[in-house]
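Trainee: Put together the whole structure using the sequences plus the hints.
Count along the sequence shown from 1, then add 5; that gives the number in my numbering.
Just so you know, not all the hints are guaranteed correct.
Said to hold, decoys possible - Straight-line alpha carbon distances no greater than 16 Å define the calculated EDC-like cross-link-like pairs of lysine to aspartate or glutamate that follow: (1) K89 to D72; (2) K89 to E46; (3) K162 to D197; (4) K146 to E64; (5) K146 to E21; (6) K161 to E139; (7) K146 to D72; (8) K114 to E46; (9) K20 to E46.
These are computed hints drawn from the structure, not numbers from a lab.
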Amino acid sequence: MTTARVSQPLFSNEKELQMRLLNSATAWGTFRANVIKVRREMPIGGCIPDIVTALFHDEPPQLLPRDWSYRHTSIISLLRRFNKLSPPSITSKLFDSLKPIEQALAELKSSGAIEQVASGSVRLSTSMRSLAGEVISVEAKLRRWSDALAQAITYKKFSDTSIVAMDPSFQPSDKVRHEFKAAGVGLWTISDTITVLVPARRVPCRGPDKEYILASATQKKTHTLWVRR
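Mentor: This is how it looks when you write it as C-alpha coordinates:
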(Lines of atoms letter the chains of each structure in order from A and count residues from 1; the text may use other names and numbers.)
(Lines give C-alpha, C1' and ligand atoms only; values in the text may rest on other atoms or scores of the structure.)
Protein backbone atom coordinates (compact mmCIF):
# COMPACT_ATOMS: atom_id res chain seq x y z
CA MET A 1 0.00 0.00 0.00
CA THR A 2 1.15 3.52 -0.77
CA THR A 3 2.27 5.32 2.35
CA ALA A 4 2.05 9.00 3.21
CA ARG A 5 4.00 11.14 5.66
CA VAL A 6 2.08 12.08 8.79
CA SER A 7 2.78 14.23 11.83
CA GLN A 8 0.89 14.97 15.03
CA PRO A 9 -2.81 15.41 14.15
CA LEU A 10 -4.54 18.72 14.84
CA PHE A 11 -7.83 17.02 15.78
CA SER A 12 -8.03 14.47 18.58
CA ASN A 13 -10.84 12.50 16.91
CA GLU A 14 -12.90 12.41 13.73
CA LYS A 15 -15.95 14.00 15.33
CA GLU A 16 -13.95 17.18 15.97
CA LEU A 17 -12.96 17.22 12.31
CA GLN A 18 -16.57 16.70 11.26
CA MET A 19 -17.76 19.59 13.42
CA ARG A 20 -15.12 21.90 11.94
CA LEU A 21 -16.38 20.94 8.49
CA LEU A 22 -19.99 21.44 9.52
CA ASN A 23 -19.24 24.97 10.68
CA SER A 24 -17.31 25.85 7.52
CA ALA A 25 -19.95 24.73 5.01
CA THR A 26 -20.55 28.28 3.74
CA ALA A 27 -16.90 28.57 2.76
CA TRP A 28 -16.78 25.62 0.39
CA GLY A 29 -15.16 27.68 -2.33
CA THR A 30 -16.41 26.96 -5.84
CA PHE A 31 -19.80 25.55 -4.80
CA ARG A 32 -22.22 28.41 -5.51
CA ALA A 33 -25.72 28.37 -4.05
CA ASN A 34 -28.19 30.76 -2.49
CA VAL A 35 -29.45 28.14 -0.03
CA ILE A 36 -27.10 25.72 1.75
CA LYS A 37 -28.25 23.01 4.16
CA VAL A 38 -25.92 20.59 5.88
CA ARG A 39 -26.17 17.63 8.26
CA ARG A 40 -24.02 14.91 9.78
CA GLU A 41 -24.19 11.16 9.23
CA MET A 42 -27.17 10.71 6.93
CA PRO A 43 -27.94 7.04 6.13
CA ILE A 44 -28.59 6.72 2.41
CA GLY A 45 -28.35 3.77 0.04
CA GLY A 46 -26.50 1.61 2.55
CA CYS A 47 -23.91 4.37 3.19
CA ILE A 48 -23.52 6.96 5.94
CA PRO A 49 -21.47 9.95 4.76
CA ASP A 50 -19.99 12.00 7.58
CA ILE A 51 -21.28 15.26 6.09
CA VAL A 52 -24.00 15.76 3.48
CA THR A 53 -24.67 19.18 2.01
CA ALA A 54 -27.69 20.08 -0.13
CA LEU A 55 -27.33 23.20 -2.25
CA PHE A 56 -30.16 25.02 -4.00
CA HIS A 57 -30.12 27.92 -6.44
CA ASP A 58 -33.33 29.30 -4.89
CA GLU A 59 -35.39 28.73 -1.77
CA PRO A 60 -36.79 25.19 -2.25
CA PRO A 61 -40.59 24.96 -2.13
CA GLN A 62 -42.51 22.50 0.07
CA LEU A 63 -43.77 20.15 -2.64
CA LEU A 64 -43.93 16.75 -0.98
CA PRO A 65 -46.71 15.20 1.12
CA ARG A 66 -46.40 15.54 4.88
CA ASP A 67 -45.64 11.82 5.29
CA TRP A 68 -43.45 11.40 2.22
CA SER A 69 -41.32 8.30 1.78
CA TYR A 70 -38.67 6.80 -0.48
CA ARG A 71 -41.50 5.64 -2.76
CA HIS A 72 -42.48 9.27 -3.39
CA THR A 73 -38.93 10.35 -4.23
CA SER A 74 -38.46 7.28 -6.45
CA ILE A 75 -41.50 8.37 -8.47
CA ILE A 76 -40.12 11.90 -8.76
CA SER A 77 -36.77 10.52 -9.90
CA LEU A 78 -38.46 8.45 -12.62
CA LEU A 79 -40.43 11.44 -13.87
CA ARG A 80 -37.28 13.56 -14.06
CA ARG A 81 -35.83 10.87 -16.30
CA PHE A 82 -38.82 9.98 -18.48
CA ASN A 83 -40.84 13.24 -18.40
CA LYS A 84 -44.24 11.54 -18.19
CA LEU A 85 -45.37 8.02 -17.32
CA SER A 86 -48.58 6.12 -16.71
CA PRO A 87 -49.24 4.61 -13.25
CA PRO A 88 -48.76 1.03 -14.57
CA SER A 89 -45.41 2.04 -16.13
CA ILE A 90 -44.25 3.58 -12.85
CA THR A 91 -45.35 0.44 -11.00
CA SER A 92 -43.39 -1.77 -13.40
CA LYS A 93 -40.22 0.33 -13.31
CA LEU A 94 -40.24 0.42 -9.51
CA PHE A 95 -41.09 -3.29 -9.16
CA ASP A 96 -43.92 -2.24 -6.89
CA SER A 97 -47.66 -2.88 -6.60
CA LEU A 98 -50.21 -0.66 -8.33
CA LYS A 99 -52.31 0.21 -5.27
CA PRO A 100 -49.52 1.83 -3.19
CA ILE A 101 -48.20 3.58 -6.30
CA GLU A 102 -51.64 5.04 -7.02
CA GLN A 103 -51.87 6.20 -3.39
CA ALA A 104 -48.45 7.85 -3.61
CA LEU A 105 -49.40 9.51 -6.91
CA ALA A 106 -52.58 10.90 -5.37
CA GLU A 107 -50.55 12.34 -2.49
CA LEU A 108 -47.99 13.86 -4.85
CA LYS A 109 -50.74 15.47 -6.93
CA SER A 110 -52.36 16.88 -3.80
CA SER A 111 -49.06 18.37 -2.59
CA GLY A 112 -48.29 19.97 -5.96
CA ALA A 113 -45.30 17.83 -6.90
CA ILE A 114 -46.88 16.24 -9.99
CA GLU A 115 -49.77 16.84 -12.35
CA GLN A 116 -51.90 14.62 -14.56
CA VAL A 117 -51.97 15.02 -18.33
CA ALA A 118 -54.81 14.25 -20.73
CA SER A 119 -53.55 10.76 -21.54
CA GLY A 120 -53.87 9.73 -17.88
CA SER A 121 -50.10 9.81 -17.43
CA VAL A 122 -48.43 12.04 -14.86
CA ARG A 123 -45.49 14.43 -14.99
CA LEU A 124 -43.67 16.72 -12.61
CA SER A 125 -45.31 20.06 -11.88
CA THR A 126 -43.62 23.19 -13.18
CA SER A 127 -42.35 24.01 -9.69
CA MET A 128 -40.89 20.54 -9.17
CA ARG A 129 -39.28 20.52 -12.61
CA SER A 130 -37.58 23.84 -11.88
CA LEU A 131 -36.24 22.75 -8.49
CA ALA A 132 -32.48 22.73 -8.94
CA GLY A 133 -30.36 21.11 -6.26
CA GLU A 134 -26.93 19.57 -5.81
CA VAL A 135 -25.54 17.16 -3.25
CA ILE A 136 -22.00 17.14 -1.84
CA SER A 137 -20.93 14.25 0.38
CA VAL A 138 -17.81 14.33 2.53
CA GLU A 139 -15.94 11.57 4.35
CA ALA A 140 -13.77 12.87 7.22
CA LYS A 141 -10.72 10.95 8.39
CA LEU A 142 -7.64 11.70 10.48
CA ARG A 143 -5.27 9.36 8.63
CA ARG A 144 -6.93 6.34 6.94
CA TRP A 145 -7.04 7.90 3.49
CA SER A 146 -7.51 4.62 1.59
CA ASP A 147 -10.62 3.73 3.61
CA ALA A 148 -11.93 7.27 3.14
CA LEU A 149 -11.36 7.16 -0.62
CA ALA A 150 -13.18 3.82 -0.95
CA GLN A 151 -16.15 5.20 0.98
CA ALA A 152 -16.19 8.48 -0.95
CA ILE A 153 -16.32 6.59 -4.25
CA THR A 154 -19.54 4.87 -3.12
CA TYR A 155 -21.06 8.29 -2.34
CA LYS A 156 -20.90 9.15 -6.04
CA LYS A 157 -24.05 7.02 -6.45
CA PHE A 158 -26.09 9.84 -4.92
CA SER A 159 -23.77 12.87 -4.94
CA ASP A 160 -22.79 15.35 -7.62
CA THR A 161 -19.51 15.85 -5.78
CA SER A 162 -17.67 13.55 -3.40
CA ILE A 163 -14.84 14.69 -1.13
CA VAL A 164 -12.46 13.32 1.50
CA ALA A 165 -11.46 15.75 4.25
CA MET A 166 -8.33 14.91 6.25
CA ASP A 167 -6.49 16.26 9.26
CA PRO A 168 -3.77 18.73 8.15
CA SER A 169 -1.10 16.35 9.45
CA PHE A 170 -1.86 14.19 6.41
CA GLN A 171 0.72 14.82 3.68
CA PRO A 172 -0.18 12.75 0.62
CA SER A 173 2.38 11.45 -1.82
CA ASP A 174 2.06 12.12 -5.54
CA LYS A 175 0.71 8.60 -6.00
CA VAL A 176 -2.02 9.17 -3.41
CA ARG A 177 -3.00 12.43 -5.11
CA HIS A 178 -3.17 10.58 -8.43
CA GLU A 179 -5.53 7.97 -6.94
CA PHE A 180 -7.92 10.68 -5.80
CA LYS A 181 -7.73 12.48 -9.14
CA ALA A 182 -8.35 9.27 -11.07
CA ALA A 183 -11.41 8.52 -8.92
CA GLY A 184 -12.80 12.04 -9.33
CA VAL A 185 -12.86 12.46 -5.55
CA GLY A 186 -11.71 15.71 -3.98
CA LEU A 187 -9.05 15.70 -1.27
CA TRP A 188 -8.97 18.44 1.36
CA THR A 189 -7.15 19.08 4.59
CA ILE A 190 -8.93 21.06 7.30
CA SER A 191 -7.55 23.46 9.88
CA ASP A 192 -8.74 27.04 10.34
CA THR A 193 -9.15 27.03 6.57
CA ILE A 194 -9.76 24.44 3.86
CA THR A 195 -6.77 23.45 1.73
CA VAL A 196 -7.72 21.78 -1.55
CA LEU A 197 -5.04 19.21 -2.42
CA VAL A 198 -7.03 17.56 -5.23
CA PRO A 199 -10.05 19.37 -6.73
CA ALA A 200 -13.26 17.35 -6.77
CA ARG A 201 -14.67 16.42 -10.16
CA ARG A 202 -18.35 17.35 -10.27
CA VAL A 203 -20.45 14.81 -12.16
CA PRO A 204 -24.20 15.59 -12.23
CA CYS A 205 -26.05 12.77 -10.50
CA ARG A 206 -29.66 11.61 -10.89
CA GLY A 207 -31.57 8.96 -9.03
CA PRO A 208 -33.92 8.23 -6.15
CA ASP A 209 -31.21 8.42 -3.49
CA LYS A 210 -30.19 11.94 -4.49
CA GLU A 211 -33.87 12.90 -4.73
CA TYR A 212 -34.38 11.53 -1.21
CA ILE A 213 -31.54 13.70 0.15
CA LEU A 214 -32.89 16.85 -1.49
CA ALA A 215 -36.39 16.06 -0.21
CA SER A 216 -35.08 15.57 3.32
CA ALA A 217 -33.31 18.93 3.19
CA THR A 218 -36.44 20.78 2.05
CA GLN A 219 -39.15 19.27 4.22
CA LYS A 220 -40.17 20.71 7.58
CA LYS A 221 -40.52 17.36 9.33
CA THR A 222 -36.76 16.75 9.01
CA HIS A 223 -35.65 20.33 9.64
CA THR A 224 -34.05 19.54 12.99
CA LEU A 225 -31.57 17.21 11.24
CA TRP A 226 -30.39 19.88 8.83
CA VAL A 227 -28.61 23.14 9.63
CA ARG A 228 -28.92 26.10 7.30
CA ARG A 229 -25.68 27.90 6.42
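Trainee: Take the hints in turn and mark each one as holding or not.
Mentor: Outcome of the hint check:
1. K89 to D72: 24 Å, violated
2. K89 to E46: 34 Å, violated
3. K162 to D197: Answer violated: K162 to D197 is near 30 Å, above 16 Å.
4. K146 to E64: Outside the cut-off at roughly 32 Å; violated.
5. K146 to E21: 10 Å, holds
6. K161 to E139: Status holds; Cα separation ~12 Å.
7. K146 to D72: 35 Å, violated
8. K114 to E46: 31 Å, violated
9. K20 to E46: Distance of about 11 Å is within 16 Å: holds.
Violated hints, listed in ascending order, are 1, 2, 3, 4, 7, 8; each of the other numbered hints is respected by the structure.
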